[in-house]
Amino acid sequence: MSFSNIRREDASRAVIVHAILLTYTLVALYPIFLVVINAFKTRKGIFRDPMGLPNAETFSLDGFTKVLAKSNFELFFYNSFTVTIVTIVIVLLFAAMAAWALSEYKFPGGTALGLYLAIGIMVPIRLGSVSILNLVVDLGLVNTLTALVLVYVAQGLPLAIFILTEFMHQIPKDLKEAARCDGVGEFKIFFAIILPLIRPAVATVAVFTMIPIWNDLWFPLILAPGDGKQTITLGVQQFIGQYVTDWNAVLASLSLAIIPILILYLIFSRQLIRGLTSGAVK
Amino acid sequence: MADLKLDQIRKSYGAVDVLHGIDLDVKDGEFVVFVGPSGCGKSTLLRIIAGLEDITGGNLMIDGDVVNTKSPRDRGIAMVFQSYALYPHMTVYKNMAFGLKLDKQDKAAIDTRVREAARVLQLDQLLDRRPSELSGGQRQRVAIGRAIVRQPKVFLFDEPLSNLDAALRVQTRIEIAKLHQKLQSTIVYVTHDQVEAMTLADKIVVMNGGNVEQVGSPMQLYHHPQTRFVAGFIGSPAMNFTNVTIDAVAQNKVTVSVPGGMKSVLPFDVPADAVGKLVELGIRPEHLTLGEEGALTVSGEVDVVEKLGDSTYLYLKLANGDRVTVRAAGHSRVRIGETVTASAPAGAAHLFAPNGKAFAKIDCPAEFSADDDT
Ligand SMILES: Nc1ncnc2c1ncn2[C@@H]1O[C@H](COP(=O)(O)OP(=O)(O)OP(=O)(O)O)[C@@H](O)[C@H]1O
Ligand SMILES: [Mg+2]
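Protein chains in written order, with numbering that gives the first Met the number 0: chain U, 0 to 281; chain X, 0 to 373.
Okay, derived cross-link-like pairs now, DSBU-like style, lysine-lysine, Cα gap no bigger than 30 Å in a straight line:
1) Lys-262(X) - Lys-316(X)
2) Lys-100(X) - Lys-152(X)
3) Lys-69(X) - Lys-187(U)
4) Lys-187(U) - Lys-106(X)
5) Lys-177(X) - Lys-152(X)
6) Lys-69(X) - Lys-100(X)
7) Lys-172(U) - Lys-4(X)
8) Lys-187(U) - Lys-93(X)
9) Lys-152(X) - Lys-187(U)
10) Lys-105(U) - Lys-187(U)
11) Lys-177(X) - Lys-4(X)
12) Lys-172(U) - Lys-69(X)
13) Lys-152(X) - Lys-172(U)
14) Lys-172(U) - Lys-93(X)
15) Lys-100(X) - Lys-105(U)
16) Lys-202(X) - Lys-4(X)
17) Lys-65(U) - Lys-43(U)
To give an idea of the chain U side of the interface with chain X (calculated C-beta under 8 Å), a few residues:
18) Pro-171
19) Asp-173
20) Ala-177
21) Arg-179
22) Cys-180
23) Asp-181
24) Gly-182
25) Val-183
26) Ile-192
27) Pro-195
28) Leu-196
Keep in mind the hints are simulated off the structure, nothing from the lab. Small disclaimer: the values here were computed from a predicted structure and weren't measured. Just so it is clear, CB atoms sit at the ideal spot from N, CA and C, and this is done for glycine as well.
Make the full structure from the sequences, and use the hints.
In structure tokens form, the structure reads like this:
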């Protein structure tokens with residue numbers, strides 16, 4: 000009796016949890032849904048019935064043709080993509096190495112260094128915008144993607160190091176020591192054993208790092224607003240000026256901007272699910 | 000080949016001294032087992048030999064070279080961990096070959112070695128599996144295989160069998176014994192299972208609180224424990240101890256009164272000034288037999304009976320309250336509450352001074368001696 004009760008309780012709790020999660024998902028996805036459906040409507044359709052699905056009368060690909068034909072959309076796209084990918088690679092590589100050093104080796108000042116890096120999580124990098132701008136000007140990097148990459152790497156590193164350090168602590172000590180007894184060098188241990196084992200954590204960090212960069216408007220605006228270096232978010236803003244009444248183009252470009260980040264997310268999220276350490280030690 | 004020499008090895012963690020100066024000689028091809036209670040420093044000592052812990056003081060020599068500051072990879076050791084520590088993302092084959100690739104040995108040579116080890120350990124069928132797809136016993140064999148393929152000078156094992164169930168433990172123990180016969184390599188093995196120690200070891204090192212209590216062959220430790228600690232630690236069930244008073248001392252003879260009033264003359268070399276003092280008498284359960292034939296007699300009320308089939312353990316309560324375990328025949332009909340007398344030959348006795356040191360036994364009869372054992 001009690002057994003089936005427990006089961007029923009579990010089931011009802013699962014229903015509640017799923018209801019909450021589903022509601023949240025709907026709330027979060029609805030604006031995106033609106034953007035996407037309206038991107039496929041005529042201008043009139045957008046204004047007359049913003050909530051309605053495109054139908055035979057209102058359907059139009061005007062926005063997309065305009066965006067692709069009349070603007071530098073591919074270039075903006077390419078810029079965003081380059082900045083995001085290069086930043087992710089750099090952040091992951093350096094954060095993983097720093098995390099390995101902080102978690103594995105005892106050295107004077109190690110704890111202090113870890114704390115110093117953790118402070119970076121709490122202080123928003125935008126507070127330093129003015130000095131960053133000065134620095135970038137002094138370095139002659141204004142209107143370059145390099146400037147953006149450097150700033151984003153600085154922005155992404157603290158949280159990445161923090162998360163990866165925690166994960167590395169969880170790797171059994173025996174595993175590293177077994178490798179050392181096997182005559183494996185420290186670099187090889189890091190790249191051939193540690194990194195593969197924390198792949199889920201690396202994927203998490205990649206997602207956390209990537210999204211704010213892709214969506215950022217602030218740093219592209221102050222550091223690289225110049226022609227040919229705009230990222231996609233900045234590019235969209237300029238559409239608003241350029242086609243001030245043309246919502247088709249804005250919505251179409253926003254819809255297109257979702258695609259690459261979605262693909263990247265799908266790639267990384269497959270890694271999130273994998274538990275790889277099973278069978279290592281028991 | 001490889002001998003191992005420990006010279007006054009000390010280890011401290013900050014202010015805590017864990018090892019207090021360990022001396023040990025391990026000859027080439029010897030199977031040495033460290034035993035001792037939990038926390039006595041066995042693993043620490045093994046990890047020092049492996050190079051995973053720094054040495055606080057003393058010297059460690061492998062093949063005559065001081066290796067104190069050498070990294071594990073330069074010591075020519077291989078270690079098998081209690082937790083197996085297999086690389087979870089690699090197949091069995093890769094697990095075994097991983098350490099070898101780095102030596103830049105040629106592929107074919109590596110392959111032969113891995114397959115040979117896999118054959119010896121009956122892992123041929125499993126080479127493409129991941130550790131998560133193996134049973135505990137198979138994982139342990141992979142861990143051993145990973146050590147074998149490196150052809151190390153010294154094998155180190157830290158409680159390799161303690162995660163296995165009883166049947167598998169016996170089987171793997173026998174496999175390790177066979178492996179040692181075949182490879183003739185130097186092995187240092189940590190365990191707190193004394194059956195493992197007795198069956199596998201050429202030489203047992205009994206440790207206690209960061210010190211070596213005694214080093215010797217299994218039979219030496221069993222028959223000639225130098226301290227009360229070793230006497231109590233080796234043997235199962237444990238040796239019985241009870242306090243006795245020394246009544247008289249003669250040339251190589253000592254007369255003691257056992258609780259209950261009986262006097263026994265035992266062949267020990269005890270200084271004359273010990274008369275009247277309390278010492279500890281030790282006697283193993285398996286050396287006591289029911290009846291009064293032996294020179295050393297104890298009697299008491301039976302308060303627990305354990306029947307194991309082949310033998311029966313009787314727990315007697317002596318006059319002074321000490322418990323004595325007697326191993327009786329399997330068909331023994333003794334019941335709880337009966338008062339029984341058990342006795343042992345004088346040569347089976349052990350006598351320990353209050354500081355825990357054993358008194359020397361004189362003219363030990365062959366059945367209680369390890370003299371034929373070298
Ligand atoms: N990193 C450390 N810092 C401080 N003390 C330690 C450390 N490692 C071990 N010790 C101490 O050293 C002593 C010996 O530990 P060790 O692991 O060698 O024991 P052991 O004989 O292997 O025990 P067991 O049979 O339980 O494995 C213990 O008292 C332990 O508390
Ligand atoms: Mg241990």
